[in-house]
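Read top to bottom, the protein sequences are chains A and B. Position 132, counted from 1, in the first sequence is what this note's numbering calls 489; the numbers after and before it change by one each time, with no gaps. Position 399, counted from 1, in the second sequence is what this note's numbering calls 421; the numbers after and before it change by one each time, with no gaps.
If you're looking for bench data, these hints aren't it; they were derived computationally from the structure. From a predicted model like this one, the values you see are computed outputs, not experimental measurements. All residues carry an ideal CB built from backbone N, CA and C; glycine is no exception. A couple of the hints might just be wrong.
Residues from chain A that keep clear of chain B, each with C-beta distances beyond 10 Å, as calculated [claimed, not checked]:
#, residue
1, C388
2, C405
3, R429
4, R456
5, P468
6, S469
7, A508
8, M591
9, E630
10, R666
11, R688
12, S725
13, A755
14, G758
These stretches of chain B come out as covered by chain A in the derived footprint (C-beta under 8 Å, 3 or more residues) [claimed, not checked]:
#, segment
15, 172-180
16, 294-306
Derived coverage of chain B by chain A (criterion: at least 3 residues anywhere in the stretch with Cβ under 8 Å from a Cβ of chain A; other residues may be distant) [what the hints assert, rightly or not]:
#, segment
17, 268-281
18, 471-484
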Amino acid sequence: MKDWSTGTGRMPQAAVGEPPLAHTHSARTACAVPGTPLDLAKAGIDACVHCGFCLQACPTYLALSDENDSPRGRILLMRSVVDGSLAPDDPTVREHIDRCLGCRGCETACPSGVPYGHLLEATRATISGKHPLVARLVLWVFAHEWALRPALSGAKLLRAMRIPALLGKLPGRLGFAMAMLDSTRPAVSRGRYEPRGSGARGTASILRGCVMEGLFEETNRATERVLVANDWRMVDAAGQRCCGALHAHAGDLEGARALARANIDAFERSGAETIAVNAAGCGAMMKEYGQLLADDPAYAARAAAVSARVRDVSELLAVAGPAKGGALPLRVTYDAPCHLQHAQRVVSPPLAVLKSIPALEVVPLVESDQCCGAAGIYNLVKPEVSAAVLEPKLAHIARTGAGMVATGNPGCLMQIGAGLARARSAARAVHPVDLLDASYAAREKAARKRE
Amino acid sequence: MAAPAQIESSLSGTTPVPAKVLVPRLAAIVGQRRVLARPSELLTYTADGLPGYRKQPAIAVFPGTRDEVVRVVRTLAELRVPFVARGAGTGLSGGALAEGTVLLGLQRLTRIVDVDVENARAVVEPGVVNAVITRAVAGQGLHFAPDPSSQAACTIGGNVAENAGGPHCLKYGVTLNHILALTAVLPDGEIVKLGNPAGEITGYDLLGAFIGSEGCFGVVLDVTVKLTRDPQAVRTLLADFLDVDDAARAVSGIIAAGIVPAALEMMDNPTIRAVEASVYAAGYPTDAAAVLLIEVDGLAAGIEADARRVEQICREARARGVRVASDADERARLWQGRKKAFGAMGRVAPHLVVQDAVVPRTKLPETLAAIRAIGEKHGVTVCNVFHAGDGNLHPNIPYDATDPDQARRVEHAMSEVMRVCIEAGGTITGEHGVGLDKLGYMPLVFSEDSLATMCRLRDVFDPDRRANPGKVVPVHSCREWGRHAAIAPAPADRAPAVVPVPTAPGGRLREETLRVREEIRAARESRTPLRVVGAGTWLDAMRPVAAERRLELRDGDIVEYVPGDLTMTARAGASLAALAAAARENGQCIALDPFGSAAGTLGATLATASAGPLAHAFGTPRDNVLGIEMVTGEGAVARGGGRVVKNVAGFDLTRLAIGSWGTLGVITEATLRLRALPERDVTVAIALPAQSRATAGILERLRSLPLAAWALEVVDAAVARALGIGDRPMVLARLAGNEPLVAAQERELGALGDPVAIEGSVWERLRAIEPPGAIVARVSTLPVALPELLGDALAPEALASRTLLHATLSRGVIRCILPPDTLGMLSALVGRAREHYAAPRTWIWEKLPADRWDALAPAPLGDRLSRRVRDAFDPARILNPGILGEVVA
């Protein structure tokens, strides 16, 4: 992938040969915001020919029906900031850029290859004024380990007391947040088993992640178990931090870079050949460390090397087969996390994992490639739009008749989980790895019974 | 950037409307959030899918319901404010841009109102995305056939406005051929229903005129679309060539072989490389000079033979390789690459000019060579990606608009490309529309009279010219026609540097056209009504025409016939028999075979919109005519359409003239689309049982049989006797195609009875079945209702045992012929028939005794819009007055 976020970015012309008309637009046009991240990313803006093919891929356009809330509308706003027809602090720019989920569904619809995700981050970094209080608080907490740990521990304590289950029925933002918290309770119960594998596939470290380790620790353990069962040897990567995705998406590129450096250090130290990530958003961020730090001489090459080692856990499992487990007679549907489907372009591996589980019925989900509205902390900052995006998703899920919705990202798990609970659905959101893990546990149990 | 403080009203002399008055009025209808007036929020609406144009609307308003649309339009009418309707804004002609006016966004009207699988149709709101219609009926064996490349995003309202095409319209036709009816709100706020969802169109084809009117005639509220049965089998082939000329020759070869592919697309090397660099990479060979993407579809039986023949033709044309898509995934990938090719150009350069010219298919090689030379001369890269089977070129030039020298060279190159295409006998736009972008080219293909006549038509729908002002027809063309628009003609950002074409269009009119013009002008002066007559075969219809003087059309020449293009241009006085004979000599046929006298002329067939058995497969005259020349009641010689198979330049005078019975103008010339005669052409007859219930059952099954018949007609026992093929009701089927295809269809028909092969001449005899002096009426209805209706009608005890009766099943049309000696019982018969064929049937009388027209035939000109069309085209009412049953003053 080419680097769009820095001044060295060029159109991916290699495959197109050398067109006689060089792409010189950005070189010639004066920029109204020189030196800003947006200025450096403007070659990406020029790739947009305004064809509109992105409209139907954009959840906020589908929910709000205003082209200002569509990719090409936002790109036009970015262009206007670059050419000076709108000021960087123009409220229109702010409003519609803020309203973007960052799902990058438009990228997989764009024939011109506009690097929308990078443009969005560059724009947010350029126009960055004040974020809403909620957002600032969350970003601050996630950047500070000493604040993050107690926050997540407190949340877990609440959850254990079943308080969120009660408060989750309340209307409004608080109710939804509580429902999200409650939805992080393990969705499948499984017996204990000791994973056995040859370790022949080499060493792997998992990114523990903040939310994953804080609220989905059982999924993290399951990830380690299924990787071992599929012949990886797990090594710890001590000193790892939050991946920085939340900060990058919010336009806090420096904050994101600081976290990225810490993680690069940690994963270099671990020496693991593979970095396994079970949170799609974090995986997408880590795969882009190389671009994030391209202008940092001390880290550019190391960042690229770390990025190259990152895999979504489903990619690893799909490559491995994965090993067969025991029967799990459930009806499951799969919803693709945007940062897996559109950012990482990992489409079939999670389905391959699910389909490998004996007796598991996988029913297709209409518009499974559309965003659920979670988008990091978007559902807390823009609850109305988020709810409007979630609504059709819940309707499609209901129509599948599935008891489980598999999706490999904590934000999506909580958004869909909370949505289902508040819609009084019995269905639960679950990480695909948890299902595979439960299947392995079931095999173990059956084997014990035979003995 | 400052907000325009007020919106210019369209009528001179009226006070401009301040935005601060308009915004609250509109917000009261649609809600505050749905009215945008901040310039920064309007920025995204300054462009549509065509790069290079930016026009800032004053206000954008987004109604959410049909009722809100109507109220918004009425408010704008009251304040006389111009507006531009917009769907997804994916158009490629700058058609949906509003300069200083109100932009009316329809993207919130996304309801699929009704899906009727039985009758293969759906009613949808204008904001429904094209691909969503097909998705809504997925699994039902149906789809919506028009497939513009933007189908994943573009809306049906926009498809109607532009008469959108797409790769598969080569075989299936454009949007026009797939819309049964629509409801629109006219710019003055009146709601009109056009077309007929449950039968034949009566009166003027205002539906046909509306489709492709580029938002100048009104705002669509709902559309009844026709759904097409999914093909049983599809083969998608990718042929790659090291020479563009070879690819072009392969295109001609395929068409000449009589194969009608579902799609036949060409992409040249720069396009291939742009696509292969995108997320839609399809595996096209990046070193090929050109690839052809060819799809054949239809019944499984015939498909292999067609695919093999296509492959062979490609190899004979020196294709390096021919690859057949092995599964649905590969097929989808091959198509995705093609459909996203335009967007992929964004990789090459920041700006792009997109052209849409059409040339006759046989001129493809020389046109492509000329385009290449033009590109080289001006030092610009032309990327060709186009519908080769239609001759619909899309030469695109990616460039950098900020470089004035480059921009100027691109402009010159484009203008020269356009001239080459026009000189080759082509037109300026095949599917994108004129919009703003091609406004400057309109005078190159249409005479002043034609453009002025188009303005006349616009004025019928929108006398204030408030709907999409300044588009389609250059304003100066309209000016002489009285009311002037105060909206300044939108000067194109990139005004085409027009290179004059040596012979101006309409410059050389044929002698007879001049004579007809003189006669009409004289008649208008003297207020002498004229009866327009070709061969006179319609005179015995006894229509009450209040004219003594005859205007006769005698010129029967074939003006141009290029078999390789499958088009024929002939004068209106030509007999259909003569045209059919000329086509047959070249292994082709005209798909016009109307019931009635074989001596009928081309002009009369079109004027009366008469159809025959072939309409089952090929539709009626509106589906087979590419362009016409007519002399209006005002004595203007106007051309609609052109001589190429795909054309959306200008308002559709062609559809308007067809079926207008000469009351708007006299058709003097027409260009027809021809069909290649099939390898095998077999007619079989199947006798039907005598009981009505059983007959209905068989007809019901017949409807669902997988057949690709050219004609499928049900005849009653009296007709069968008259044809000498038996004395029971029969199904007649004309099975055409390659050997295996015909054999398979015979087998399918065997399930219904015992198909007996009969002479193909039976069709000629069926056409001429009516005895002289007969009374003829047509009843049309929903296809699903027909079997039962026919089952009863065909039974021996049925009401009119003395009638002759036959029906075209797929069209839902029954034609009843009453011998002259039934005159005495006509009223009684009609009464019983009316009872039997109760509403919502559509009645059309073809022939009646002179004194019965008033009593029996409702005047189709009852509506205000039709009367206004008549007034606009024939204000003195000198052409065939009374022929449509209207009251003659």
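**Prompt:** So is R429/A really clear of chain B, every C-beta pair being over 10 Å apart?
**Reply:** violated, 7 Å
**Interface exclusion of P468/A relative to chain B, criterion Cβ beyond 10 Å** = violated, 3 Å
**Asked** When you look at the beta carbon of G758/A, is every beta carbon of chain B farther off than 10 Å?
**Response** Label holds. Min Cβ-Cβ 17 Å, cutoff 10 Å.
**Message:** Using C-beta distances, would you say chain A covers the segment 471-484 of chain B, given that this needs three or more residues below 8 Å?
**Reply:** violated (count 0)
**Message:** The output says R688/A does not contact chain B. Does that hold with a beta carbon cutoff of 10 Å?
**Reply:** holds, 20 Å
**Item:** Annotated coverage of the segment 294-306 of chain B by chain A, confirmed only when three residues or more have a Cβ within 8 Å
**Value:** Contact hint for the segment 294-306 of chain B vs chain A: holds, 8 residues under 8 Å.
**Asked** Checking the smallest CB distance to chain B, is M591/A really beyond 10 Å?
**Response** holds, 34 Å
**Request:** Examine each Cβ of chain B, and state whether all of them lie more than 10 Å from the Cβ of S469/A.
**Result:** violated, 3 Å
**Request:** Compute the least Cβ-Cβ separation between C405/A and chain B, then decide whether it is above 10 Å.
**Result:** violated, 6 Å
**Message:** Can you tell me if the segment 172-180 of chain B counts as covered by chain A, using C-beta to C-beta distances under 8 Å and a minimum of three residues?
**Reply:** holds (count 4)
**10 Å cut-off, C-beta based - R456/A kept clear of every residue in chain B** = holds, 12 Å
**Asked** Against chain B, does C388/A keep a CB gap of more than 10 Å to every residue?
**Response** holds, 13 Å
In summary, the numbered hints that this structure violates are 2, 3, 5, 6, 17, 18.
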